[in-house]
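> Going down the list, the protein sequences come from chains U and S.
Here the numbering used here is used: position 60 in the first sequence is 60, and no number is missing along the way.
Heads up: take any position in the second sequence, counting from 1, add 1000, and you land on the numbering used here.
Incorrect hints may have been included.
Not close to chain S: a few residues of chain U, all C-beta gaps over 10 Å, as computed [claimed, not checked]:
no.	residue
1	Phe35
2	Ser88
3	Val175
Keeping only pairs whose Cα atoms sit at most 20 Å apart, straight-line, the calculated SDA-like set for lysine to any residue is [what the hints assert, rightly or not]:
no.	chain 1	residue 1	chain 2	residue 2
4	S	Lys1239	U	Arg222
5	S	Lys1054	S	Arg1038
6	S	Lys1006	S	Cys1058
7	S	Lys1239	U	Tyr152
8	S	Lys1098	U	Gly7
9	S	Lys1054	S	Val1101
10	U	Lys238	S	Val1065
11	S	Lys1054	S	Lys1239
12	S	Lys1164	S	Asn1107
13	U	Lys10	S	Lys1234
14	S	Lys1234	U	Tyr152
15	U	Lys135	S	Glu1161
16	U	Lys10	S	Asp1103
17	S	Lys1110	S	Glu1195
18	U	Lys10	S	Ile1114
19	S	Lys1187	S	Val1123
20	U	Lys14	S	Gly1018
21	U	Lys10	S	Asp1220
22	U	Lys10	U	Pro132
23	U	Lys14	S	Lys1110
24	U	Lys135	S	Lys1164
25	U	Lys114	U	Arg141
26	S	Lys1006	S	Asp1034
27	U	Lys47	U	Gly83
28	S	Lys1234	U	Gly210
29	S	Lys1239	S	Lys1164
30	U	Lys47	U	Trp241
Hints listed in this document are in silico derivations from the structure and should not be mistaken for laboratory results.
Glycine included, C-beta positions come from ideal geometry on N, C-alpha and C.
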Amino acid sequence: MSVNAPGRAKIDAKTLRTDAWWLQPAITAAVLLSFIVYATWRAFEDKFYFVNELNPGGKVDLISPFYSPCLASHCVSGSSMLGQPIGSWWTLSPALLILVFPLGFRFTCYYYRKAYFRSFWLSPPACAVAEPHTKYTGETRFPLLVNNLHRYFFYIGLVFNALLTIDAFIAFRGVQGGFHMSVGTVVLLLNATFLWLYSLSCHSCRHAMGGRLNHFSKHPVRYRMWTWISRLNTHHPKFAWISLIGVALADYYVRCISAGTFTDILFF
Amino acid sequence: MGYTSKFRVWRGDDTDGGLVDFEVEVNEGEVVLDIVHRLQATEAPDLAVRWNCKAGKCGSCSAEVNGRPRLMCMTRMSTFSQDEVVTVTPLRAFPVIKDLVTDVSFNYQKAREIPSFAPPVGVEPGDYRMQQVDVQRSQEFRKCIECFLCQNTCHVIRDHEENKEAFAGPRYFIRLAELDMHPLDVKDRRRGAQEEHGLGMCNITKCCTDVCPEHIHITDNAIIPMKERVADVKYDPLKRILLKITSRDD
Ligand code: SF4
Ligand code: SF4
Ligand code: FES
Ligand code: FES
Chain U
1 MSVNAPGRAK IDAKTLRTDA WWLQPAITAA VLLSFIVYAT WRAFEDKFYF
51 VNELNPGGKV DLISPFYSPC LASHCVSGSS MLGQPIGSWW TLSPALLILV
101 FPLGFRFTCY YYRKAYFRSF WLSPPACAVA EPHTKYTGET RFPLLVNNLH
151 RYFFYIGLVF NALLTIDAFI AFRGVQGGFH MSVGTVVLLL NATFLWLYSL
201 SCHSCRHAMG GRLNHFSKHP VRYRMWTWIS RLNTHHPKFA WISLIGVALA
251 DYYVRCISAG TFTDILFF
Chain S
1001 MGYTSKFRVW RGDDTDGGLV DFEVEVNEGE VVLDIVHRLQ ATEAPDLAVR
1051 WNCKAGKCGS CSAEVNGRPR LMCMTRMSTF SQDEVVTVTP LRAFPVIKDL
1101 VTDVSFNYQK AREIPSFAPP VGVEPGDYRM QQVDVQRSQE FRKCIECFLC
1151 QNTCHVIRDH EENKEAFAGP RYFIRLAELD MHPLDVKDRR RGAQEEHGLG
1201 MCNITKCCTD VCPEHIHITD NAIIPMKERV ADVKYDPLKR ILLKITSRDD
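Just chain U, same shape as in the assembly (with noise of 0.2 Å):
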């Protein structure tokens, strides 16, 4: 059934809104496909993921955000933050291996949701737009009743956020050795530092902080780091845009240097 169902207004239009109500939907819709048209291509390409001594560009260790931890045994050496506990069946790019969990955390992201329910599915794509589908049960059967285990994704992603950490700070370490610092440095601790805004702006994060009490009296110290996540959360969809894009942007400032494209730019 639709808005005209029967004892409603009889209105034969989807929509009255005047103005470019399509407008958002669609520039989510086109920053969504790029994103995924980008990390798919680059998920299997399987080289120039990472930088050291052999590049004649790098000037510092460099890993792409997409490949680390590298746990398959053709990963790059070097490039094993946690060793290569996978072994030699697995052929394929050691991306794939890993992907589904950052993919896991933003698809079931309440954030994401609201973007690609809107965009992609049309349910509504703007308010008081009428969706075209005929049934509709939202999140209450599989596969989006999966979206309810988003915390899961959540710890996991704090867990990547850490490895990608521990490689940024690897970076300032020269490919000679010493300490320094050059571009690739910045980008992956900046990149680094989006995806910590990005889940500790999270809604589930929020709830695990203090969000699930009920007596806020009792707790000062959670109710505490709640106020402050709450600050945080309401620059969640902010922040999820940021760091998808910054993620996208590190991993390509890798595979220039690592193909050869151009040179980092050391600063001292």
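With chain U held as given, fit chain S with the ligands onto it using these hints.
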């Protein structure tokens, strides 16, 4: 500095109806409700419209202006350009009675389905004591003026009449959140929210928040926290086990 505006108002009842064109005078500082009243006073004396306070506080004058759910008394004519056609229709998610007046009894039905405030046994009204930090979250939801704009905009029922039975709607999700977070409410409302009031049908697309004239953060502060609380009892086996092992209650 008045001007003549092109107005289109939906007129009809539950059997038939359509948009009717008017040309009507608009003066500086006026809101859409003023213009509707001018139509009543001039060309359309039998035009039905519901209103009370003209101050955005009674929640009676909800309608859709240029397709956007709004309070007519809070929608300034200055937000439209002078040559723009302004279209006013009744709320489109509820049965229409006449012209701009709809039957919102669905909402009262849903209100009755929410179990009321349940203080601890032995605590009488008048003896309620609580700290401000503990009730502050619930207080945000008490700002609701029951305009039902959120209920009207929510696509779950706006686009799917058949979901009305299973879905309480955003206005009642804030009620559930208000009670579940209340320091003196002892009833557990988490399972009920999902199993009886249809919280799972909400896909957090946030239109309720967008239209709320009281700027209540319906999605961020009520629906999502309630979804997380539901997950605590229904979708988080690890947490259940952990609480068992540490013999802690949540
Ligand atoms: S966020 Fe949920 S309750 Fe609010 S309008 Fe959207 S689907 Fe309805
Ligand atoms: S929550 Fe906001 S939009 Fe919904 S009925 Fe209350 S005041 Fe109106
Ligand atoms: S990451 Fe967006 S809500 Fe958790
Ligand atoms: S008349 Fe009371 S809210 Fe508009």
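> Hint by hint, note whether the structure agrees.
A quick look at each hint next to the structure:
Residue-level check passed: U/Phe35 sits 20 Å from the nearest beta carbon of chain S, beyond 10 Å. No Cβ of chain S comes within 10 Å of the Cβ of U/Ser88; the nearest lies about 33 Å off, and the non-interface call holds. The Cβ of U/Val175 lies farther than 10 Å from every Cβ of chain S, with a closest approach of about 42 Å, so its non-interface assignment holds. Proposed proximity of S/Lys1239 and U/Arg222 is supported: the alpha carbons are some 18 Å apart, at most 20 Å.
The hinted pair formed by S/Lys1054 and S/Arg1038 meets the criterion: a straight-line CA distance of about 14 Å does not exceed 20 Å. A threshold of 20 Å between alpha carbons decides the hint, and for S/Lys1006 with S/Cys1058 the separation of about 28 Å lies outside it, so the pair is violated. For the suggested pair S/Lys1239 and U/Tyr152, the alpha carbons sit about 10 Å apart, so the restraint of at most 20 Å is met. Of the supplied pair hints, the one linking S/Lys1098 and U/Gly7 holds, its CA atoms being roughly 11 Å apart against a limit of 20 Å.
A hinted pair counts as satisfied when its Cα atoms are at most 20 Å apart, and S/Lys1054 with S/Val1101 qualifies at roughly 16 Å. In summary, the hint linking U/Lys238 to S/Val1065 is not supported, as the alpha carbons are separated by about 30 Å, beyond the 20 Å threshold. This hinted pair does not check out: S/Lys1054 and S/Lys1239 have alpha carbons roughly 50 Å apart, beyond 20 Å. A hinted pair counts as satisfied when its Cα atoms are at most 20 Å apart, and S/Lys1164 with S/Asn1107 qualifies at roughly 10 Å.
A threshold of 20 Å between alpha carbons decides the hint, and for U/Lys10 with S/Lys1234 the separation of about 41 Å lies outside it, so the pair is violated. Pair hint S/Lys1234 plus U/Tyr152 holds up; C-alpha atoms about 14 Å apart against a cutoff of 20 Å. With a C-alpha separation of about 10 Å, the suggested pair U/Lys135 and S/Glu1161 falls inside the 20 Å cut-off, and the hint holds. At most 20 Å may separate the alpha-carbon atoms for a hinted pair to count; U/Lys10 and S/Asp1103 meet this at roughly 15 Å.
Taking the CA atoms of S/Lys1110 and S/Glu1195, the gap is about 14 Å. The hint holds against a cut of 20 Å. Restraint check: the Cα-Cα separation between U/Lys10 and S/Ile1114 comes to about 31 Å, which exceeds 20 Å; the hinted pair is violated. With a CA separation close to 14 Å, the supplied pair S/Lys1187 and S/Val1123 stays within the 20 Å bound. Pair hint U/Lys14 plus S/Gly1018 holds up; C-alpha atoms about 14 Å apart against a cutoff of 20 Å.
As the CA atoms of U/Lys10 and S/Asp1220 are separated by approximately 34 Å, the hinted pair breaks the 20 Å bound. Restraint check for U/Lys10 and U/Pro132: satisfied, since their Cα atoms lie roughly 18 Å apart, inside the 20 Å limit. At roughly 26 Å between alpha-carbon atoms, U/Lys14 and S/Lys1110 are farther apart than 20 Å, so this suggested pair is violated. Proximity of U/Lys135 to S/Lys1164 is assessed by CA-CA distance (about 13 Å); at most 20 Å being required, the pair is judged to hold.
The suggested pairing of U/Lys114 with U/Arg141 holds, with an alpha-carbon distance near 17 Å, which does not exceed 20 Å. About 14 Å separates the Cα atoms of S/Lys1006 and S/Asp1034, which keeps this hinted pair within 20 Å; it holds. Using a Cα cut-off of 20 Å, the hinted pair U/Lys47 and U/Gly83 holds, with the two alpha carbons roughly 18 Å apart. Distance check on the hinted pair: S/Lys1234 and U/Gly210 sit about 19 Å apart at the alpha-carbon level, within 20 Å; holds.
For the suggested pair S/Lys1239 and S/Lys1164, the alpha carbons sit about 33 Å apart, so the restraint of at most 20 Å is broken. The suggested pairing of U/Lys47 with U/Trp241 is violated, with an alpha-carbon distance near 26 Å, which exceeds 20 Å.
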